[in-house]
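Position 62, counted from 1, in the sequence shown is what the numbering used here calls 62; the numbers after and before it change by one each time, with no gaps.
If you're looking for bench data, these hints aren't it; they were derived computationally from the structure.
Don't take each hint at face value.
[Claimed, not checked] Pair by pair, the computed Cβ-Cβ distance ranges are:
1) A65 with E6: 24 to 30 angstroms
2) N15 with F52: 33 to 39 angstroms
3) D12 with N55: 30 to 36 angstroms
4) D45 with Y25: 18 to 24 angstroms
5) K11 with F52: 31 to 37 angstroms
6) R51 with A13: 29 to 35 angstroms
7) K2 with M36: 40 to 46 angstroms
8) E39 with N4: 39 to 45 angstroms
9) F52 with A13: 31 to 37 angstroms
10) E31 with P57: 16 to 22 angstroms
11) V29 with F52: 14 to 20 angstroms
[Unchecked claim] Pairs of lysine to aspartate or glutamate residues, derived as EDC-like cross-links and limited to a Cα-Cα distance of at most 16 angstroms, are as follows:
12) K34 with D44
13) K34 with D45
14) K48 with E62
We put the beta carbon where it would ideally sit given N, CA and C, even for glycine.
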Amino acid sequence: EKMNKETVRVKDAPNAYGFIANRIYFAMVAEARKVMDEEIASVDDINKAMRFGFNWPAGPLEMVAGARKGWQ
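With these hints in hand, go ahead and build the complete structure from the sequences.
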């Protein structure tokens, strides 16, 4: 609370260090790349679908690009 953070409880499991958000994020990025590689949708359309469909501030492939740039 002092740090203005929320906590979540996770089950203790070998080699699973509680990085729930990271695990889900990387699965989502992998699926977005698969859609792109199979030419089902363009990068722009994948990002638009997630931005407008889920009201995200950035699509999954935009997040990857932003993370690489350090969100500058």
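Which numbered hints fail: none
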